[in-house]
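**Q** Those protein sequence lines, which keep their order, are chains V and W. For the first sequence, my numbering gives the first residue as 1, with consecutive numbering after it. For the second sequence, my numbering gives the first residue as 1, with consecutive numbering after it.
Please keep in mind that the hints were generated in silico from the structure rather than gathered at the bench.
Same chains, same names: a pair is fine if it fits in one copy or spans any two.
In silico DSS-like pairs for lysine-lysine, Cα to Cα no more than 25 Å straight-line:
hint : residue 1 : residue 2
1    : Lys405    : Lys232
2    : Lys389    : Lys232
3    : Lys7      : Lys124
For clarity, every value in this text was computed on a predicted model and none was experimentally measured.
2 protein chains.
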Amino acid sequence: MELEPIKVGLLGLGTVGAGCVNLLKDNAEEIERRAGRKIQITHAAVRDLSKERPCDTSGIRMTANPMEVVEDPEVKVVLELIGGDEEAFDLVMAAIDSGKHVVTANKHLIALRGNEIFAAADEKDRVVHFEAAVAGGIPIIRAIREGLAANTIEWLAGIINGTGNYILTQMSNEGETFADALAEAQRLGYAEADPTFDVEGIDAAHKLAILASIAFGIPLSFDKISTDGISKIADEEIQFAEEMGYRIKHLGIARRNDRGVELRVHPTLVSDQALLASVEGEKNAVMVYGDAVGPTVYYGAGAGAGPTASAVIADLIDIVRIVSADASGRVPHLAFQPDQLSESPIVDSDDFFCGHYFRIQVADEPGVMARITGLLAQFGVSIEHILQKDPENAGDDALVIIVTKPVREGLLMQALEHIQQEAFAREGTVHLRVAQFDD
Amino acid sequence: MELEPIKVGLLGLGTVGAGCVNLLKDNAEEIERRAGRKIQITHAAVRDLSKERPCDTSGIRMTANPMEVVEDPEVKVVLELIGGDEEAFDLVMAAIDSGKHVVTANKHLIALRGNEIFAAADEKDRVVHFEAAVAGGIPIIRAIREGLAANTIEWLAGIINGTGNYILTQMSNEGETFADALAEAQRLGYAEADPTFDVEGIDAAHKLAILASIAFGIPLSFDKISTDGISKIADEEIQFAEEMGYRIKHLGIARRNDRGVELRVHPTLVSDQALLASVEGEKNAVMVYGDAVGPTVYYGAGAGAGPTASAVIADLIDIVRIVSADASGRVPHLAFQPDQLSESPIVDSDDFFCGHYFRIQVADEPGVMARITGLLAQFGVSIEHILQKDPENAGDDALVIIVTKPVREGLLMQALEHIQQEAFAREGTVHLRVAQFDD
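When you get a sec, could you build the whole thing from the sequences and use the hints?
**A** Dropping the structure here:
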């Protein structure tokens, strides 16, 4: 028996809202295979009805009055994507009051008013999900709340403001001053015209309040966080720190100590060997230390339309499963509904596509390199790196080591077979694959 | 109204089983605050009843007959921790048949027999959870299945066998041969006496089958995976690869290409700049690329009693919530049940505990360094690094830059205040904090 589509209302149709509409459309089939039910955005509130939207709004009733969406009896779930902590608060409370579940990406709102919102939601037996509020697309809320639920969390530390991390990375890698790096971030759209929330640590403190609460089981405590920004970091500090083996990162840290819980956001020296030190540019990462599991790290994009929509729609799928409350509403064992597993062909290794490394022992004579590279070219294999190791004693064999660009494996193997049939080639060619992660 | 405790049966009480018993006991209070209900292990099956167990077994009925546990009408959830794919399969099927939910850490079982097990579980409306089967304590199943549910997963690549990664790390960092590194791993208990499953990639292929299935929505396809081990990796390869800017990692890779799905486990060259290249020793990490979210990485301990128990008990908590099927059975908004949030004190910055960096401008005169270090010692502040930057022109000021060991911040600030009151000290001291992640 097919369940009817879940109808969803949208508050705000800016970058993130449009990202959600596009994602639900682009991945409609996969999402339905996972959720067991169609999801339709049917009603959206925007401030300016005449503005062009970067998404297909056909089938969506548009209004300038957000209360219409919140009170629409057809709408089961409201996505709050307008930001801020005043109008958003009133709308979320009204949505809960009229029986809607809510998904929000609004860290400011949750950090400051979450205690009231969750009390209202629990009272009305509604769900308010907020995965996108912290670290964008990284499923860090789920990881701590569910994945590490058996642990006493000892501490967590995160790069949870991409703008700040971008600025510090530019200062460190390019030797830029804070002012230049900030201007660059603004030009690229990573920083707002008024960058206070990002560079003074307020945005990071919003997120830290949320992480600390779910990690330690304490009420949201934004106003108790000790917060320092990065605006006063001089280039010299970055340089001195590097001389001593550190990188400076803007971290949010929550830690139990024997007197209570430390909550702090500040520029921090981190050993350049630590995983967090290698988180560059606008990326986010959170390290969580649980007493049973030890250290775990979660890394990814902390902002942007795609990553934020990824988290918002994951929350929505979770609510769809809760709403479809019978057994079929559970998370399926293999992620997709059992009758929706597809028989995608598992390809033969000839059809693998990646780079290759091979080391071949050859006679040390003229023309060998030309012949090898010629054969590779003949089969369409391009070379990325080449090393030649000449023999120590004249008359001994040489080694040729080649890393290729990504290529269909069947072609590489054919080229290699031809190379091995040459008179100059010895036995014992070593072949390995190369991975290139195009992030 | 308080719900009565959930009773749990245990199959196997080795390292992981005992880890689960210990974890449920050590974190009983926190776990109950999260799950909303007490959890009791009441019945356990072991092969040898006379053997001493590294956990408190009081209150647990012990039997040598696992079918007794599986058929115990009081038991609601069975934890299968005996391993292997034959007896374990029969027991899990019997448990499902008698209406139990199941948690298993057994990748071998899920990879080979999961399709049958999940069909039986769906038929009987039972849950089979298996977070611990892949990458130990890292909540990677949840991350892909729920956290990234809105994405079309393009590819994933993981270091999912800690033994192999330990061996490759030793070869790379210590210049050991494969044979020496393997012997070392066996001595440390990372590798079994028969290391075939680890070093030939079979264990990694079990895990890859599971990851690929939940990422792509395909049936478990262990027998279609192209699998190469690391036993033939020579030291020279590691060295040649490093010369060209790569590290060799044993990866499990699942990737869509235009002909289907690539499933492969093999030693792989990875750019030494990539995050996966910096995953060392017996640690695991999985990189997942979703079309909306982009690349995300999940890092942590892939094996061991604590990390595995962390994942098993998280699954158990999830099932407890499902079993307690009313609204209170949902994951609470702030991870802990609303009436269970604690008012842990948020400490003042004087009580923060971490290392500190400061840069102070001083007159270039004798005795300054002795006075600074003397004042630090007086307040119990130990020095980790010290840099002195002499002036370029005689008569100008010098700079002293100090990184301290972790200390209560109040003490550091007092020492710093005293230093600043000295006649040699100039205005404008820079103070930053240092994080040390003790993993």
